[in-house]
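Visitor: Next come the chains, spelled out residue by residue.
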Amino acid sequence: MTAVARHAGIAVRLALLAALAALALFPIALTVTNSFMSEREISHHYGALQSSDSSGEDAADMPTERVSIRWVPEVATLKAFGDVLLNRPKFLTLFWNSVRLTAPIVLGQTAVGTLAAYAFAKLVFPGRDKLFFLYLLTMLMPFQVTLVPNYLVAKQLGMLHSYGAIIWPGVFAAFGVFLMRQFAAGIPNSYLEAARIDGAGHFRSFFHIVLPLVKPGMTALMLLAFADNWNMVEQPLLFLTEPFRQPLSVYLAQIVSGEQGVAFASSVLYMTPMVLLFLYGEEQLVEGIQRSGVKG
Amino acid sequence: MPLHRLRRLRDSGAAIAFLGPSLTGFLLFYLIPFGAVVYYSFIDTPIQGHFVGLDNYRLLWDSASFRKAFVNSLAFAGAGVPILFAFSLALALLLSGAMPLRRTFRTAFLLPLVVPVASIALVWQALFHWQGALNGLLASLGLTPVDWMNSRWSFAVMVIVYVWKNAGYNLVLFLAGLANVPAEQKEAAAIDGAGPWRRFWAITWPGLAPVSFFVVVMSVVASFKVFRETYLVAGAYPNDAIYTLQHFMNNSFQNLDYSKLTSAAVLLAIVIGAAVYVLFRAERLAREAEE
Chain A
1 MTAVARHAGI AVRLALLAAL AALALFPIAL TVTNSFMSER EISHHYGALQ SSDSSGEDAA
61 DMPTERVSIR WVPEVATLKA FGDVLLNRPK FLTLFWNSVR LTAPIVLGQT AVGTLAAYAF
121 AKLVFPGRDK LFFLYLLTML MPFQVTLVPN YLVAKQLGML HSYGAIIWPG VFAAFGVFLM
181 RQFAAGIPNS YLEAARIDGA GHFRSFFHIV LPLVKPGMTA LMLLAFADNW NMVEQPLLFL
241 TEPFRQPLSV YLAQIVSGEQ GVAFASSVLY MTPMVLLFLY GEEQLVEGIQ RSGVKG
Chain B
1 MPLHRLRRLR DSGAAIAFLG PSLTGFLLFY LIPFGAVVYY SFIDTPIQGH FVGLDNYRLL
61 WDSASFRKAF VNSLAFAGAG VPILFAFSLA LALLLSGAMP LRRTFRTAFL LPLVVPVASI
121 ALVWQALFHW QGALNGLLAS LGLTPVDWMN SRWSFAVMVI VYVWKNAGYN LVLFLAGLAN
181 VPAEQKEAAA IDGAGPWRRF WAITWPGLAP VSFFVVVMSV VASFKVFRET YLVAGAYPND
241 AIYTLQHFMN NSFQNLDYSK LTSAAVLLAI VIGAAVYVLF RAERLAREAE E
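Top to bottom, those sequences are chains A and B.
Position 232 of the first sequence, counted from 1, bears residue number 232 in full-length UniProt numbering, the numbering being contiguous throughout.
Position 226 of the second sequence, counted from 1, bears residue number 226 in full-length UniProt numbering, the numbering being contiguous throughout.
Same shape as in the complex, but just chain A (with noise of 0.2 angstroms):
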């Protein structure tokens, strides 16, 4: 291949790629430069949505208006995000549900599933091997099927329509286990070998080889699971019946369409913890992923 046809060629690719990623930032990037307009501006963008519920009456009632997406705001004005945080006391209180069911699910299977995947890794016990598989059989059902589980357990606890029936599943779901003994297989077993000769114990092994080597492992359980639960809708549909104890996450779709005035500055409140923890961690969360698809 000459060396013009090859530049050709990553040009061409250059060019793919670079539309390709604009339709996938496109929703993401409408939604902050939109959060900077007025309400004023906002409803006489995108108020033919809410004309839609009318659909039962006359046609000819119906706006002819359709929605126009703007990229750039007349006036870029920060009101919509002190409306959201001053006068919308339901806003906080959601937004602080979110990280009350979120933080400890997050935190706790991590504890968890680093622990268990010293054991499945580096441990030789009787069944090993078959239970490992059940995990995995585990985390690969749908919601669908563990909801119903899931209900019995809380209703048996006498913790049905609190946090706890949400948190304590997430806190054990096999994801976590699994992801971390990707990680902790990657260990080459000699350091522990090295370690045992010395006279360590397994808690010491565990503290001082496995745990340092394992960070980046943590880091993008964290994330994906962050992510995910940051992301709950069908446990607290399910399980939590009073508005004011759901999550952003299920909440927020109604202020949406409710109140579109705020609808942007809100959704990019609610995004930004999960972005901004993306950016700091996406080696490991790259790895953790790659670490994922690897038989071992």
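In short, the hints are calculated from the structure, not lab data.
Ideal Cβ placement from N, Cα and C applies to all residues, glycine included.
Any given hint might turn out to be false.
Said to hold, decoys possible - DMTMM-like cross-link-like pairs, simulated, lysine to aspartate or glutamate; straight-line CA separation at most 25 angstroms:
no., chain 1, residue 1, chain 2, residue 2
1, A, Lys215, A, Glu282
2, B, Lys225, A, Glu287
3, B, Lys225, A, Asp228
4, B, Lys186, B, Glu283
5, B, Lys68, B, Asp257
6, A, Lys79, A, Glu259
7, A, Lys155, B, Asp257
8, A, Lys90, A, Glu39
9, A, Lys79, A, Glu41
10, A, Lys90, A, Glu242
11, A, Lys90, A, Glu41
12, A, Lys130, B, Glu283
13, A, Lys90, A, Glu259
14, B, Lys68, B, Asp44
15, A, Lys155, A, Glu242
16, B, Lys186, B, Glu290
17, B, Lys68, B, Asp240
18, B, Lys225, B, Asp257
19, B, Lys68, B, Asp55
20, B, Lys186, B, Glu288
21, A, Lys130, B, Glu288
22, B, Lys225, A, Glu282
23, A, Lys215, B, Asp11
24, A, Lys130, B, Asp11
25, A, Lys155, B, Asp44
26, A, Lys215, A, Asp198
27, B, Lys225, B, Asp240
Said to hold, decoys possible - Pairwise CB distance ranges (calculated):
no., chain 1, residue 1, chain 2, residue 2, range
28, B, Ile83, A, Ala15, 21 to 29 angstroms
29, B, Thr144, A, Phe133, 47 to 55 angstroms
30, B, Leu27, A, Leu276, 35 to 43 angstroms
31, A, Ala8, B, Ala179, 18 to 26 angstroms
32, A, His44, B, Leu27, 53 to 61 angstroms
33, B, Trp201, A, Val72, 43 to 51 angstroms
34, A, Ser190, B, Ala98, 30 to 38 angstroms
35, B, Gly273, A, Leu276, 37 to 45 angstroms
36, A, Glu259, B, Gly13, 53 to 61 angstroms
Could you slot chain B onto chain A? The hints should help.
Guide: Below, chain B alone, put in the same frame as chain A:
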């Protein structure tokens, strides 16, 4: 006692300590209650019930809404997984090699994975609503607008959301797989005069087999999670084309219809379990064929 047996004994003791918390929770929150679900699926009522054999399953299958949800979920996986697979593989091939801005692109494609769908549901609505931007575009081109969310088209819209959300995860897996394909082999084949198409099928594709297996498994799992997106974009009562098993479960849940809930959960577990088993078998056969 021989030394290795002593070690195994010590290992087992440590295994109990390290595995203890996880195993307790796993048994208590997943395995035992699932056993209870299997049991409930064979009796008529949870309290003082009688064994009714497969009656609950027959009733479940007779329910039109279950069949609709079941078929939709299978159709979604059947259409979505191959599309997502092809799309992410194409992305990975575009990004492979010494591409400039490689990391920036990867970040862009991974972002949808971490951005909560709830926060951009409004954009999806603004695009696909009857009076949305897409229909505005169609109208300006002189074409007939389509009621995207209230017709069969909603299925296609959800496939797009599914691909948008999950392509980044698979892209990372495929990139790792491509990195393991030996570059010398490709160069040698190129010198021998093999075109890009032949090189892909003869060298790259076999090298991707282990990763592909995992991509398919994770994509199937993700396809059952698409309820989230469906719920957030289309609400609790979507068009028939995207009425999923999760909608069915939610409805049965509201009526606390135990016989339907438990038999549906068991049936779904069997279907997913069988799919996973077939995939694992296929992967093993493919690996043995290569050796």
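Visitor: Take the hints in turn and mark each one as holding or not.
Guide: Structure-based check of each hint:
| no. | hint | result |
| --- | --- | --- |
| 1 | Lys215/A with Glu282/A | holds (14 angstroms) |
| 2 | Lys225/B with Glu287/A | holds (23 angstroms) |
| 3 | Lys225/B with Asp228/A | holds (10 angstroms) |
| 4 | Lys186/B with Glu283/B | holds (24 angstroms) |
| 5 | Lys68/B with Asp257/B | holds (18 angstroms) |
| 6 | Lys79/A with Glu259/A | holds (14 angstroms) |
| 7 | Lys155/A with Asp257/B | holds (15 angstroms) |
| 8 | Lys90/A with Glu39/A | holds (19 angstroms) |
| 9 | Lys79/A with Glu41/A | holds (12 angstroms) |
| 10 | Lys90/A with Glu242/A | holds (13 angstroms) |
| 11 | Lys90/A with Glu41/A | holds (24 angstroms) |
| 12 | Lys130/A with Glu283/B | holds (18 angstroms) |
| 13 | Lys90/A with Glu259/A | holds (13 angstroms) |
| 14 | Lys68/B with Asp44/B | holds (24 angstroms) |
| 15 | Lys155/A with Glu242/A | holds (17 angstroms) |
| 16 | Lys186/B with Glu290/B | holds (18 angstroms) |
| 17 | Lys68/B with Asp240/B | holds (8 angstroms) |
| 18 | Lys225/B with Asp257/B | holds (22 angstroms) |
| 19 | Lys68/B with Asp55/B | holds (20 angstroms) |
| 20 | Lys186/B with Glu288/B | holds (23 angstroms) |
| 21 | Lys130/A with Glu288/B | holds (21 angstroms) |
| 22 | Lys225/B with Glu282/A | holds (23 angstroms) |
| 23 | Lys215/A with Asp11/B | holds (23 angstroms) |
| 24 | Lys130/A with Asp11/B | holds (17 angstroms) |
| 25 | Lys155/A with Asp44/B | holds (19 angstroms) |
| 26 | Lys215/A with Asp198/A | holds (24 angstroms) |
| 27 | Lys225/B with Asp240/B | holds (18 angstroms) |
| 28 | Ile83/B with Ala15/A: 21 to 29 angstroms | holds (22 angstroms) |
| 29 | Thr144/B with Phe133/A: 47 to 55 angstroms | holds (53 angstroms) |
| 30 | Leu27/B with Leu276/A: 35 to 43 angstroms | holds (37 angstroms) |
| 31 | Ala8/A with Ala179/B: 18 to 26 angstroms | holds (25 angstroms) |
| 32 | His44/A with Leu27/B: 53 to 61 angstroms | holds (57 angstroms) |
| 33 | Trp201/B with Val72/A: 43 to 51 angstroms | holds (47 angstroms) |
| 34 | Ser190/A with Ala98/B: 30 to 38 angstroms | holds (35 angstroms) |
| 35 | Gly273/B with Leu276/A: 37 to 45 angstroms | holds (38 angstroms) |
| 36 | Glu259/A with Gly13/B: 53 to 61 angstroms | holds (59 angstroms) |
Taken one by one, the earlier hints all hold for this structure without exception.
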